[in-house]
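Following the hints, put chain B in place on chain A, whose structure we already have.
There are 2 protein chains.
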Amino acid sequence: MATVAIVGAGVMGSALSFPLADNGHTVHLIGTHLDDDIIRQCQATRVHPRLQRQLPASVKPFFVTGLGQALDGVELVISGVSSPGVHWFARTVGPHLRPALPVLAVTKGLEATAEGDLRILPDVVADELPASLRGQVPIAAIGGPCIAGELAARRHSAVVFGSRRTEVLGRLAAFLQTSYYHVWQAKDVVGLEVCAAMKNAYALGVGLAAGLLERAGGPDGNAFMHNLAAALFAQAAVEMVQMVRLLGSSPEYVTGLPGVGDMFVTVQGGRTMRLGRLLGRGLTLDAARREMVGETLESVEIITTAGGALPRLIERGLVRPEDFPLLRFLYRVLHEGSPMAFPWEQFFAIVGLRRDG
Amino acid sequence: MATVAIVGAGVMGSALSFPLADNGHTVHLIGTHLDDDIIRQCQATRVHPRLQRQLPASVKPFFVTGLGQALDGVELVISGVSSPGVHWFARTVGPHLRPALPVLAVTKGLEATAEGDLRILPDVVADELPASLRGQVPIAAIGGPCIAGELAARRHSAVVFGSRRTEVLGRLAAFLQTSYYHVWQAKDVVGLEVCAAMKNAYALGVGLAAGLLERAGGPDGNAFMHNLAAALFAQAAVEMVQMVRLLGSSPEYVTGLPGVGDMFVTVQGGRTMRLGRLLGRGLTLDAARREMVGETLESVEIITTAGGALPRLIERGLVRPEDFPLLRFLYRVLHEGSPMAFPWEQFFAIVGLRRDG
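Chains as they are written, first to last, in the working numbering: chain A, 61 to 417; chain B, 61 to 417.
Bound conformation, chain A alone (with noise of 0.2 Å):
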């Protein structure tokens, strides 16, 4: 049995914990610099605060002072961070890392460059690792449906693990596998990465429905207003494909878990249904921050930066001006305070279906 460093303290690098202990690995368990509370509770605890669970008899928490001791002699570093926080890993975790060390990355996310082409965030963080690994660290990164809280109650989970580095994915599935948490291995990470971040995205959209309901005044009898929620999710489902074809892959992890898979579970609840409700209500974004403050907007970051790019991309005619109609609809209720008029004549063009008048 291996030690295994989990970097990042938030909920999803915690409930990793669970299946690594279950499969008899030690857990070194690093808070980054904002995640000292946690450590802390959790040391004195055993109970970590934001999953509200004990945590396994094997899992050690560290301060992040105690970075470079905790890494020490590991067989696998999972980076739990969040997307802001790759380059924080790559820069301050990188230098303890070795050759033939893999990582596996539960963030989130999407990086543009100034020509809006959009990078995969395992790409950014290899790019950033000390130049004398460069290229030797195997990078992965899990994707699909995944709710943290109930992984760590041992609630089954079904995953997807990717890497541009194949061959090790075997292993990391080994590291992980138990009898709820069910890996499979994608040969296409950008596919599977592209899916993980627009979900969020996407969520965002379907959250709107939500929030028109209670400025509707709430259900009218029976009605709700699910076949907007539905419209929605299809419309983003077909954009999801536009996205993974844009990155130069095959869409077809967009039907099953990466995509609709992980969807399906983001607007079950949490931050990104929340926001989502705040500005179909009618907030604005930054009202809506007031009553989220503290909290880490995924959705937010990956709008701006994909919804950012769409401009350039399509001055170079890698986009067409009418594709990802929903994705520039978000990015203008987020940033000019569009109002809910959706663009239902520009939707699901793409799948061969023709809409008169």
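Calculated from the structure, these hints are not laboratory results. Glycine included, every Cβ here is placed at the ideal spot set by N, Cα and C. Mixed in with the good hints, there may be bad ones.
Covered stretches of chain A, going by a simulated chain B footprint (3 or more residues, C-beta under 8 Å) [stated by the list, open to error]:
{"#": "1", "segment": "82–89"}
{"#": "2", "segment": "206–217"}
{"#": "3", "segment": "242–248"}
{"#": "4", "segment": "285–299"}
{"#": "5", "segment": "309–320"}
{"#": "6", "segment": "397–409"}
Just chain B now, kept in the frame of chain A:
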């Protein structure tokens, strides 16, 4: 403005009277022999008892005994019968049709031949029309996510009309499209109908997660069974792709309104989810049926039909024994009292994912 007949006064057929009336059409809402109580109440109170909503002024309710009179001079016939009613529709309404009078059907389902070949319902109806009309009545179908009660409340609803006779679709859309009922036109009626039918089968699967959650004593802290539900939703999408291909069509509608969109709205509630919950709690199909007396269980019909056809299709080499693991599991749950041991190792195989151990 025209007169349109809706045959079948269930919730979905009746709800279509709202956009029709809003477009200025006169609507003859004709109950089947099963709808006498509904028609009686509509005539007496103008309120549809199952939609619990007042009918528009231009809707005239008719008993089935007035069928011939009610169909006289109409320019469109909408079939609102449920799947077991399609033969009744063809035999009873068929003789009142005339060449070029289009039929638009809301009925979802598939039928199987003795050889296991699955057929879409518009083709079943077409074959049973009177010989003098065969091939001369354009039959179209509606797919996509649309809860009837929300349509009747004039909530945004986005749907797809499809037909082998694509030249009639523009005219059908013009009858029904409003500012809240958004209609797309699909060339591929087979893909559309396979999605519409199979979503009821797979929604039952997603519903099992709710029953398993109850059996486990309800939420454990913040942990529901959303990860499980999402995994089943994702596998459902994968199998919809398989099923559309099996019937010879292209699977692109799965990623859109007819597939994941319709399945998303179906799992928000209703009969299919209720049955799934009961089965997930451990009830047999017979026991669950006793809790749902009088309800049409289209999910049972489609799982029985499509799941029951698989052995013959496997014998004939048209389906591999490992295909459709979730559909086969659902068939065993219904008809063999199979325990809730999900065949995880068989899931997600067709999308190029690999699973060890």
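Verification of the hints:
1. 82–89: violated (count 0)
2. 206–217: holds (count 10)
3. 242–248: holds (count 7)
4. 285–299: Three-residue rule met by the segment 285–299 of chain A, so holds; n is 12.
5. 309–320: holds (count 9)
6. 397–409: holds (count 4)
Checked against the numbered hints above, the structure breaks only hint 1 and satisfies the rest.
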